[in-house]
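Enquirer: Protein chains in written order, with my numbering: chain L, 1 to 327; chain V, 1 to 255.
Source of the hints: derived by calculation from the structure; they are not laboratory data.
Treat the hints with care, since some could be wrong.
Listed below are several chain L residues computed to face chain V (Cβ distance under 8 angstroms; list not exhaustive) [said to hold, decoys possible]: (1) Leu51; (2) Gly227; (3) Arg231; (4) Arg267.
Ideal placement from N, C-alpha and C gives every residue a C-beta, glycine not left out.
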Amino acid sequence: MTTARDETQKSVVFCLAVFCLAALILPWIGPGSLHVRDTLRFGSLDSYIFLQLRMTRTLLALFAGGALSLAGALFQAMLRDALATPYTLGVSTGASLGAVVMISFGWSVLWGIPATWIGAMVGAGAVLVMVMGVAAKQRRISAFGLLLTGVALNSVCGSLILLLYSLAGVARSFSISRWLIGSVDATSYGSLAVFAVVVIAVSSLVIAQAKNWNLMSVDETWAVSRGVRVRTLLLEGYVSGSVLTAGAIALTGPIGFVGLIVPHMVRGRISSDHRILMPCAFFLGGTLLAVCDALGRVVLAPAEVPAGVILALLGGPYLIWLVRGRL
Amino acid sequence: MSALLQIEDVSFSYPGRVVLGGVSFEADTGEFIALMGSNGAGKSTLLDTITGLRQPTSGTIKIDGKPLADWRPNELARRVAHLPQSVRADLPFTVEQLVLMGRYPHGEAWFDSPADVAAATVAMQRTSCWADRSRRVFTLSGGERQRVLLAACLAQNGDVCLMDEPAVFLDIEQQLRCFDLLAEEASHGKLCIAVTHDLNLALSYCSRLLVLAEHKLVVDRSVGEARRASDWLGYFSNRLQLGDTANGKPWVRYR
Numbered sequence: 001m002t003t004a005r006d007e008t009q010k011s012v013v014f015c016l017a018v019f020c021l022a023a024l025i026l027p028w029i030g031p032g033s034l035h036v037r038d039t040l041r042f043g044s045l046d047s048y049i050f051l052q053l054r055m056t057r058t059l060l061a062l063f064a065g066g067a068l069s070l071a072g073a074l075f076q077a078m079l080r081d082a083l084a085t086p087y088t089l090g091v092s093t094g095a096s097l098g099a100v101v102m103i104s105f106g107w108s109v110l111w112g113i114p115a116t117w118i119g120a121m122v123g124a125g126a127v128l129v130m131v132m133g134v135a136a137k138q139r140r141i142s143a144f145g146l147l148l149t150g151v152a153l154n155s156v157c158g159s160l161i162l163l164l165y166s167l168a169g170v171a172r173s174f175s176i177s178r179w180l181i182g183s184v185d186a187t188s189y190g191s192l193a194v195f196a197v198v199v200i201a202v203s204s205l206v207i208a209q210a211k212n213w214n215l216m217s218v219d220e221t222w223a224v225s226r227g228v229r230v231r232t233l234l235l236e237g238y239v240s241g242s243v244l245t246a247g248a249i250a251l252t253g254p255i256g257f258v259g260l261i262v263p264h265m266v267r268g269r270i271s272s273d274h275r276i277l278m279p280c281a282f283f284l285g286g287t288l289l290a291v292c293d294a295l296g297r298v299v300l301a302p303a304e305v306p307a308g309v310i311l312a313l314l315g316g317p318y319l320i321w322l323v324r325g326r327l
Numbered sequence: 001m002s003a004l005l006q007i008e009d010v011s012f013s014y015p016g017r018v019v020l021g022g023v024s025f026e027a028d029t030g031e032f033i034a035l036m037g038s039n040g041a042g043k044s045t046l047l048d049t050i051t052g053l054r055q056p057t058s059g060t061i062k063i064d065g066k067p068l069a070d071w072r073p074n075e076l077a078r079r080v081a082h083l084p085q086s087v088r089a090d091l092p093f094t095v096e097q098l099v100l101m102g103r104y105p106h107g108e109a110w111f112d113s114p115a116d117v118a119a120a121t122v123a124m125q126r127t128s129c130w131a132d133r134s135r136r137v138f139t140l141s142g143g144e145r146q147r148v149l150l151a152a153c154l155a156q157n158g159d160v161c162l163m164d165e166p167a168v169f170l171d172i173e174q175q176l177r178c179f180d181l182l183a184e185e186a187s188h189g190k191l192c193i194a195v196t197h198d199l200n201l202a203l204s205y206c207s208r209l210l211v212l213a214e215h216k217l218v219v220d221r222s223v224g225e226a227r228r229a230s231d232w233l234g235y236f237s238n239r240l241q242l243g244d245t246a247n248g249k250p251w252v253r254y255r
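Isolated chain V (complex conformation):
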């Protein structure tokens, strides 16, 4: 049986500039993967190609063994939820209207069904934005807005959750709650891939690390393997050192 997500030799380039060059990996249900790399390494582009926002220059992406091009957009949106890196700050919608948009792929009907409303309610409660449900999105702070977008993705209930920097703008407590939520989703059989620059969050919550450098996938290893050999830290900076906290958790320190 094929893995839920198969990336086969995927490349993407703009005229005169390569962004991704032959990236391949497979990922399956229950995995929580940290996708990392320095700025411009191609992380967001990789997520965009999996979502169908960008067509790879070459290579194939398959969900459930079926090439992306063979999926109807609505079917694909029911399977793959995507949190973009940013959305407009001046949206006139209320929080509940924006979260309910995550349910649009699930119904052809013009109105939201009771099931849609229930799913959106649960998502808002899980992300602590239920109390703000009647507020307009443009009145929210950056962190509050990020939680609303996360709620919309959770309400979408895809089997594959692609999160482009989900913890950006969040305070420390909310960053931890965000990664708790994603780990919970993975434990319920979802595949979560989160772009992050926070190596400690990645080591603490994720099951696998993918590192992109110079447009290629240079590291693909489990967190356990990553803890045993810290050579991969060199892709981020030569001033990092991997150690353990007092209770045995992995911890990256600055030298």
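So here's chain L without its partners, still in its complex pose:
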């Protein structure tokens, strides 16, 4: 038999290599070409564009895409639903609502931090607390219970976003629409470092439980009778997935499909074993978002197409193909 150890080493090393190559190559792609010699000269315009704009943007896409993709794989295991995404359980809509509130009130910066970041984190946190509150009252916590509560809150938050959108003026409505499309922009290295540390720490916690996610994705009773504390695992998974999703959304807006496409691609092409699936989904998800962002910089240059649009154009047909295969 081929052991998980052999498969993991080969597949994860390959995906890590792809992730690192993306970090090295993609910052060179953009509407204006960069010259290697000028870029390597510290203080030059090319160096500034490369280091301050494109590199931070590529790294943000790599970590945000990785976080969303891993969250997708996690929620698919938790809910045992191949069509689950980081957006299924309401946290992302809560984050979007928080950001939209900030835009509607015209707050752009609070305490030196972009207000949409604060709004997204507060919105996601509020939904998280509500879902956990309902879950704590359930006699027997289950993925189905989490799903129903999340879907209900998703609907409420979605309606409130529409209400705010319709009440906002033209300029703010445009800002809301632009934010809701989702895009990757240059950010400071300080913000990037905080985000990367959070994503790496939470992702490590999630991946460390990969064997338990294998059991959970079969059945809750299957997991319990193989020694898993299902209630604790579900709550840990929900909090971890929410932190990954909310962190990514706060910095990029609600970028869809990466959490659906990549776990499915890894499951179909590499392995369904979460010890392999989760790290590979992280690395390939980050790579996909960074590639879409780089494509968005050049396809209609000098105009930019948001990465969320490129991903949706790829993800929509993929979803149709997937649903067609399930019917």
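Put chain V on the given structure of chain L with help from the hints.
Expert: Coordinates of chain V only, in the frame set by chain L:
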């Protein structure tokens, strides 16, 4: 010395509905017990409470004299293997990945050890699913899938094997092989409890019969005793008759 499994006055109920009402029995190593009863009698619920999937409303369950609540989940999973009544049909895992999951309680390490791989290999060979080891579970028929789940339980190597309708979906030959395997496990010192509706399989392979009716344990007798007095058949149907085959094996006929 206490019996391996002690069920003491165990009850389970949902709001407004009693499922189990004061069930008590003991079972020990080497026994192969058929747990029977009509639909909704509480058979699966009883197995679920022994596995720790459901908390009894009252009563105590002990494994090796230690109450279930005092066992760490991983320790309990090493002692008790459970075959659920059904699992999802669209699992993307391969057969060998699913069978190896039966070994998860045995190791804290992230990877499967050579011993885990060896145990899973033997379990797949015993259940005739070795040839399908690289196939995805969703491509298997119901009977093939059932054998894979049985292999995962055998790989788990618990001292107590709780099998909820292990022969469901299996063809006649595989039903017999399934009960052969469970009888073999019992002969090696395991305690096997199998939920079944097949009275002839139960009489042919098991050492003891437990019958649940109206949420209570109404029959607890050895197969030998059950052959001598057939009154217990009335709990299933009044159209059954107990007789013998030409070679002296017990056989339940329809009247």
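Enquirer: Hint compliance check: list the failing hint numbers for this structure, sorted ascending.
Expert: 1 and 3
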